[in-house]
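Undergrad: Once you've looked at the hints, dock chain B against the given chain A.
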Amino acid sequence: MRLQLPNPGLEDRILSHEELDKLETEEAGRGDRPKWDNKTQYMLTCVGFCVGLGNVWRFPYLCQSHGGGAFMIPFLILLVLEGVPLLHLEFAIGQRLRKGSLGVWSTIHPYLAGVGIASMFVSLMISLYYNTIMAWVMWYLFNSFQETLPWSQCPLNYNLTGLVSECEQSSPVDYFWYRETLNTTPDIGANGGLQWWMVLCLVSAWAVLYICIIRGIETTGKAVYVTSTLPYVVLSIFLIRGLTLKGSLSGVVFLFTPNLTELTNPTTWLDAGAQVFYSFSIAFGGLISFSSYNSVHNNCEQDAVIISAVNGFTSVYAATVIYTIIGFRATERFDNCLGGNILALLNTFDLPEGNVTESNYDQVLQSLNGTYPEVIQGLNLKTCDLNTFLSEGVEGTGLAFIVFTEAITKMPASPVWSVLFFIMLFCLGLSSMFGNIEGVLVPLQDLGVFPKSWPKESTTGITCVLCCIVGLIFVQGSGNYWLSLFDSFAGSIPLLIIAFCEMVGVVYLYGIDRFNDDIEFMIGHKPNLFWQITWRFVSPAIMFVIFVFYFITKVQETPMYKAWNPESDNFPTLEEKEYPTWIFAIIFILAGIPGLSVPLTAIYKCLRNRCCKKDNEFKQDDLNTIAKQVQLTDEATKNKPDIPETADGR
Amino acid sequence: MHCCSHIILLFGQAICTVGDNCYRAVTFLKEGMLVWILFLLCQVGAPALAQDLCQRDAPNGYKVRISLKTALGEDAYEWNQSEMFFFQATMAFAMRRHFQMETYNVDNIILCVQTSRVSFWFVVTSPDNTTMLIPKADVEKAVRMSRHRINNAFLLSDRTLEFLGIYPTLAATVNPDTPPWLIVFGVVIGAVCAGIIALLVSSLLQKRRKEKGMTEDGQDEEDMQVKGVENGINLDGTYNRGFTDDDRFTKL
Chain A
1 MRLQLPNPGL EDRILSHEEL DKLETEEAGR GDRPKWDNKT QYMLTCVGFC VGLGNVWRFP
61 YLCQSHGGGA FMIPFLILLV LEGVPLLHLE FAIGQRLRKG SLGVWSTIHP YLAGVGIASM
121 FVSLMISLYY NTIMAWVMWY LFNSFQETLP WSQCPLNYNL TGLVSECEQS SPVDYFWYRE
181 TLNTTPDIGA NGGLQWWMVL CLVSAWAVLY ICIIRGIETT GKAVYVTSTL PYVVLSIFLI
241 RGLTLKGSLS GVVFLFTPNL TELTNPTTWL DAGAQVFYSF SIAFGGLISF SSYNSVHNNC
301 EQDAVIISAV NGFTSVYAAT VIYTIIGFRA TERFDNCLGG NILALLNTFD LPEGNVTESN
361 YDQVLQSLNG TYPEVIQGLN LKTCDLNTFL SEGVEGTGLA FIVFTEAITK MPASPVWSVL
421 FFIMLFCLGL SSMFGNIEGV LVPLQDLGVF PKSWPKESTT GITCVLCCIV GLIFVQGSGN
481 YWLSLFDSFA GSIPLLIIAF CEMVGVVYLY GIDRFNDDIE FMIGHKPNLF WQITWRFVSP
541 AIMFVIFVFY FITKVQETPM YKAWNPESDN FPTLEEKEYP TWIFAIIFIL AGIPGLSVPL
601 TAIYKCLRNR CCKKDNEFKQ DDLNTIAKQV QLTDEATKNK PDIPETADGR
Chain B
1 MHCCSHIILL FGQAICTVGD NCYRAVTFLK EGMLVWILFL LCQVGAPALA QDLCQRDAPN
61 GYKVRISLKT ALGEDAYEWN QSEMFFFQAT MAFAMRRHFQ METYNVDNII LCVQTSRVSF
121 WFVVTSPDNT TMLIPKADVE KAVRMSRHRI NNAFLLSDRT LEFLGIYPTL AATVNPDTPP
181 WLIVFGVVIG AVCAGIIALL VSSLLQKRRK EKGMTEDGQD EEDMQVKGVE NGINLDGTYN
241 RGFTDDDRFT KL
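Protein sequences appear in the order of chains A and B. Counting from 1, position 415 in the first sequence corresponds to residue 415 in this note's numbering; the numbering is continuous, with no gaps. Counting from 1, position 77 in the second sequence corresponds to residue 77 in this note's numbering; the numbering is continuous, with no gaps.
Here chain A stands alone, though its shape is the one from the complex:
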């Protein structure tokens, strides 16, 4: 017998298959629940949600640092074993129960409401800081409409005698990012005040988001036609441009050269698993909401496979494009380094130009070193190695705002490429934000935070305004440090807990037998052996292993952050600093509250149930569910009462 935990009252909480069919035909006319205009909108929204900034700036770094082409192996294996089953599960359960994440988990078992609440918290915290990244992207986008990009040269200092020293010591792109964009303080404790230009960009980012989600999926569905397709167009343009630049192929070769010894390193597998998991935006609740707007007989199995494939393909494609540009930048740096050395030799020994070239540099250096070793020592020639430049592996905001922007300044017609690049980043982030905000709005509606009579425009507006105000933390001087804090703690451990609970909840509380029957009803055939094994054993096991390892690593290491401190000794290298002790309270709030809300809600509901001793607690809770409405209308139509022409109100 299959393991099935006791779940009384489940039948009363969910719609039966016949009721679902009836709802399908009735809902067609009434528009009670939002619906997708067509399948394309749904697919584009899900693709947009899954494909985000992580595909562009996390995956290429992981790929390059974990053995290049060899990283594909753990990535693809875990994609199939972990990503696709979880995706199918979320799509199927949302389509079957036709509710947002909070509704779905409360329906499966009232004690599981905590999972929905945890999803909401996580989505909320991620929305807060994700839109700040959008604000940064918008700032760079606004600044790209100039002939000379502002990050291509250092500004002059006050008396116009030289360049600003902070810029001279580091580089124009670093200076523009850390000083003119963020205006970072050297410490997370020093908050540096609000940076007015970033406040404006934050407001504009939230305004653009608001206009896209103002009427829910009615407007989002139209917006995704642009935001989900434009990144692919831009990536293709960049690929063509990149391949025509010098040194691009060395970048691609470097990226994909396999190093099979990395496969024996457990960190590789762990990072691959984490990347697949976070890349699919599972456990946010957004995917469940989106699929609940589908018709009942939509083929969710096919959707899950297609979206997983698209996500995997996009990761690899984006990595290729990024590394053509990184290869170009590395070659440029190498040429400059070698050119500088050659010039030093020519100048010191007064040799005619063209005597020392890249090809005979080593021979000439050796012969000169033989005859004048002290002079050569005094020159302090730099060692130039292409592989060192290529493996300056950068990820995250550093890749987008420092490395890539520097590469763009070296291409002809830089403003065009800059505009294209930042529009692409903006679209990638915006389409992910749609899913994040959906994961916040729908649970808020389900919880009844906003009165039902309020129009959708005002609920979305209020949410956006409040999130914008709270998001002002991230546009202070120390905002960047807060953002990486949120990123590492709010968006990692809680998601793993939620995903694990989701799998256990569906497979063991809802019942794998019932789930199989539901899928057979929805798409016409029972899920095959692959799904059975992965849902019941493999995926939860992988989740658990990743969670344990992550938890252990995070708990063991002292949390450090990298600060930009012009006064530090190793400037321009970032200074590693320890977090102050009061940060641990914040970390607990970020990671602990969503994680703990799962057991805490269960305990709370259990206590309330026991203490009040109402048998029909479960039934009474859900009086205003669709199930009840459908049943009542059924009974009403059977009796056929005389309905007066004018109603006196209910």
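Hints listed in this document are in silico derivations from the structure and should not be mistaken for laboratory results. Where is the CB? At the ideal position from N, CA and C, for every residue including glycine. Be a bit skeptical, because a hint or two may be false.
Claimed, not checked - What follows is a set of in silico ranges between Cβ atoms, one per label pair, in the way DEER data are often shown:
hint, chain 1, residue 1, chain 2, residue 2, range
1, B, ASP75, A, LEU343, 34 to 42 Å
2, B, ALA191, A, THR257, 45 to 53 Å
3, B, MET145, A, TYR317, 52 to 60 Å
4, A, THR371, B, ASN152, 35 to 43 Å
5, B, LYS69, A, ALA413, 47 to 55 Å
TA: Same frame as chain A, but now just chain B:
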């Protein structure tokens, strides 16, 4: 050459004071030879004297470094004596431009220590006194003033025609009154706000039209629903209006 004639004249005067009239015929030949020897010495000595003024690491001289291939690539011209002469002329022009009263000449610019890099040293002598060098600071001022003209004369730039020790002045950046990003921001925010207002207004109008349509002749819709016709499909049974989500019923 000036110095040679000076020396010969002086020596000649010295000889003549020794013996006034008696030895004139006898010493004439000797004088001629002496003059000839002096002349030869001068030819050798003058550049030697000039070399003393211009040398590597001269206290009042500057080293010039020219990178023709870097600047012009395939169109690079050959650096030869004519180019050196052109350089002397350009420097004389720069000195004249700075010190407007004094007339510098090509002779006042002395070049030395040429290498195949191409690099050389130069010093500037005063037009009045060829043994006196113009101090470094003044030469620097003159070069700075006419740097742009000197560069253009040789089709080079600050980077490829280097005066070691004289740093190029930095180009002042153009600072527009309104930062360009603010303009783009204004455009985007304006468009987004217009869009939001349009959507809000349209949804308000839709709502009002719906209500109006309901009260006046919306009975058609209601009747259709009552008769159990939805989207043209005839349903069994009557539609119970008591359970619609109509706002009309909830508002009082």
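Undergrad: None of the hints should be skipped; say for each whether it holds.
TA: Results of checking the hints against the structure:
At about 20 Å, the CB distance of ASP75/B to LEU343/A disagrees with the hint of 34 to 42 Å. One distance hint, 45 to 53 Å for the beta-carbon pair ALA191/B and THR257/A, holds here, with the actual separation near 46 Å. Hint check: MET145/B to TYR317/A, Cβ distance near 57 Å, so the stated range 52 to 60 Å holds. Here the CB-CB span from THR371/A to ASN152/B is close to 39 Å, well matched to the stated 35 to 43 Å.
The given range of 47 to 55 Å is broken by LYS69/B and ALA413/A, whose C-beta atoms sit roughly 27 Å from each other.
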